[in-house]
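Novice: Each of the two chains sits in its own frame; use the hints to bring them together as a complex.
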Amino acid sequence: MALEVQFEKHLAAYNLNVEFSCDADSLAVLGPSGAGKSMTLRCIAGLERPDRGRIALNDRVLFDSSKKIDLPSRARRIGLLFQNYALFPHLTVAENISFGLDALPPAERAARAKQRIAQARLAGLENRSPRELSGGEQQRVALARALAVEPEALLLDEPLSALDTHLRSQIERQLIDSLAAFRRPALFVTHNMEEAYRIATNLVVLTKGRVAAHGPKDEIFRHPPNLEVALLTGLKNFSRAKQISADTVEALDWNCTLRVSQPISPAPAYVGIRAHYVDFLEAASCVSSSANVFPCWLVRASETPFGITLYLRLHNPPGATGEHHLQAELFKEKWLRMREHPQPWHVQLSAESLMVLPE
Amino acid sequence: MPLDLSPIWISLETSVTATAITLVFGIAVAIWRANRRGPGPALLDGVFLLPLVLPPTVVGFLLLLLFGRNGPLGRLLLHFGATVVFSWPATVIASAVVSFPLMYLSVRAALEQVDAHLLQAARTLGASEWRVFRRIALPLAWPGILAGTVLAFARALGEFGATLMLAGSIPGRTQTIPIAIYFAVEANDLHQAVAWSLIDIFISLAMIAGMYYWTHLQNPARPRWRRASESER
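Residue numbers (my numbering), protein chains in the order written: chain A, 1 to 359; chain B, 1001 to 1233.
Bound-form chain B, shown alone (with noise of 0.2 Å):
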């Protein structure tokens, strides 16, 4: 039987497309929490943890509950005559959420090491909050916002149990590669589930190598023990 391909399709599209998401909410909501502190913050950072400890059926099956007929999201989506369970939007809610702590652990910890002197000298310099972000705390940061990145697609590629929860395993539609492995074990198609492991391992591998590479070639300064023996004179 030829192997149908959609899977890869549908994983990449939803990883890159929640891994888009999660990198602009990770961003803003990193510095929404660098200038709070207190108790109510600390409690919504383990809001923001929790899919990362949760088992990602009990994520699945809360989102579920969030976007099913019934629930809350559900209800106002259906009033514009939009349902989310079962569709491949589901497919990208279940891995950004999932993905979500990921990303916003590393681009917290990539923030928060930027050294607080230099945002200071530019504001004395007359910039804007929104011109020292992009021009000094974004790219300082960039290269741990970056490793966020490349661990939150991972996360993403890998996703199953929200994913099977929430948008079910449609072929052509919401099954995705990990969703496929599945149910071709189940159905005993071993040579499937193979075919399918080894081009998920690929997409990964090629994916998570390419984006390194990548970094490397943006910023040749990152190795700094290189450039520091570099420019000894």
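Chain A with its partners taken away, still in its complex shape (with noise of 0.2 Å):
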């Protein structure tokens, strides 16, 4: 079972380019906006027309400009949530759901769209029309809708931006539990990477209209293939590099030389470590010992509610620029420890966390 998808449309800005695959198992089409990813689902759903290609669900092609094949959005059964839900404001939330049932005898309509409703949490909203319903009421709405149908594949289109912050996890939830129940081919595109992370399985990462990295999702943060890539899943920190030896480069913009222990090859271009992995040494005794450390001097601190992101000079006090080369994620209790301790603090950039990135 899958949903296979190459082809090229011409677009004003840019080429869109783009060939992935999607099974069972959801992806997450990640990436900045403006990157094609709605083109990419419009056209899945047969509402634009690829310029040169094929589509194919389940060994079924939707589309195949070389055989002239282009079936029509009502005949590729592929369910699509829009971005803003696209319900019907004339329409009831029951007939929203049974829309796409009108092919069966009223009947069994009716038990199905009970049976949508019931399973979309929706019991006692039927007669209530779209705009009389909460964000996440109308993307159940949407969603119990789009799933009526029973389509091959399901599509969602930023189903969470249109959402307050505070629902969000709540429903995001849902989705996710949603989507697991499926069990077919569904792709969800998202500019947002935790998003991504939490929710699908596989990830096509976009940028400007080609595929940047596609593959499961842990692959894709651990090792991303490109610095482009490597920052739109949330890459903070990272220098310019030259190979010194097989397992040392130089990192240009930070002065220092580091062991890494991924392979370097083909040859480096950046160096760079998650926020999250930076770590401290509070044991001065250990310094000397270990590989990859360096002192550091705070430039400034920004506060969350149960964090602290440090903004990090390396080797000397910051200058009046207040230019910072590190930028450190940290749990709140740390940090009370930490600022105990005298600058400069020790900063370990450990040889496991390292990414090389190529050009």
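Read the hints as simulated data drawn from the structure, not as lab findings. Note that the structure is predicted; figures quoted are calculated from it, not measured. Every residue, glycine too, gets a C-beta built ideally from N, C-alpha and C.
So these bits of chain B aren't anywhere near chain A, every CB distance computed over 12 Å:
id	residue
1	G1046
2	A1147
3	L1205
4	W1214
5	H1216
To give an idea of the interface, some chain B residues facing chain A are shown, with a C-beta separation under 10 Å as derived from the structure:
id	residue
6	D1115
7	A1121
8	A1122
9	R1123
10	T1124
11	S1128
12	V1132
13	R1135
14	I1136
15	L1140
16	W1142
Specialist: Printed below as a string of structure tokens:
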């Protein structure tokens, strides 16, 4: 069971050229706004026509430019959840959900709609108008409507972006459950890398219309293929790099030599470390014996309710410019302990945490 | 002299028939036009809207050339033993042509205002184009289409110049209220002219008020601001 996508479409700003596949494990399409994510979904759903390529779902060809196949949306059996949900404002919740079931006999149609309403926990709201619902309820109606026709694949266009933050995590949870129960190809578009990581199993990173990375999410987060993908997956610290030996690189922007554990080939262009992996040595004794340990000074700090982001300068105290080299994320307790110690502190960039990124 | 009431019925029958025709054609042309770009359809737009800009007498004269004995359509109809000029259908044709632009503009604007995402959502749910139109586009555009219908009806009811050109003023057959007023004034019969004018005002007011009231009953969600404040909980 799979959705196979490979097509090209000329757009005003760039050429959208994508190739990926999606099986019953959900796939997140991650990319900055304007990367072509929504357009990709629209092409798969048959709302836009690619210039060239092939789109197939479970051995059913939906689009093939060489064979002049272009199934209309209504025949593709692909559910699409729109960013603004696109609920029919003149129909009730129940009418919205049973809209796609008009081919069924009335009794079965009502039974199916009722079942979907119960599953989406919308019982009691059947006769409401969409505008009388909360954002989360609207999203559930849209999802129930798309699932009611039992599509062979589901596409979700930023399904959480229209919601308030305090609702999001709860609705995200429900969405993860719904996708798990769907057990068919599900494609989920987002520009939020944490959301992509939490919801999907596999990941496609899209930048300027190209697939920059495609694979299991852990693999991409641990070993991003290049700097662009690393930044999109949340990398905060990186420096230009030059190879010194088989397992050392010189970090040009950080003025230091680093041992790395990742193989250095092809030639490294950047070395980076995630803000959560920047470690501090509290016992002064181990400072001299450990590799990749450097003195650092605090430039500034930015607090969140349970953690803190430290902006650090390596090797010497920050000058008037206040430029920082590294950004580190740590929990409050650690921060409270650390600030008792006089500066410089000692930061460790462990070889295992360092990413070596080609050009 | 007792008033011959036939202009009332002729006016009403003509306006209702003409409005029904423009409604069907207005929707059909607006749909046809919605999916087309380019200079051809744009030029055609100009042709559709011409009756709004031209003096009604010019429209009537052109129709006379078209439907007259030597006109292309007139000759074709004569083939089937029908003549249009100076008959009741001529009043309908004149009114329909003159009121068409108002209907067309309103329908087009109303259909364009429907959120394209809703139509696309319906398509992904397996709906045919006809079902998308009937269940989504038409109900959502309905208030705008109805407004266009009211406008077109009012224009048809007030039609004078083109009707006189094409249908003449045959009492009991083609004499509508506006034409009756004109000939009453010309004959210096001011009482009759005033009577017809008052009747005309009454009919127009009653029809338009009735139509708006009916729209309101059909679609209570129309004044959105009221609905929005009601649903605030």
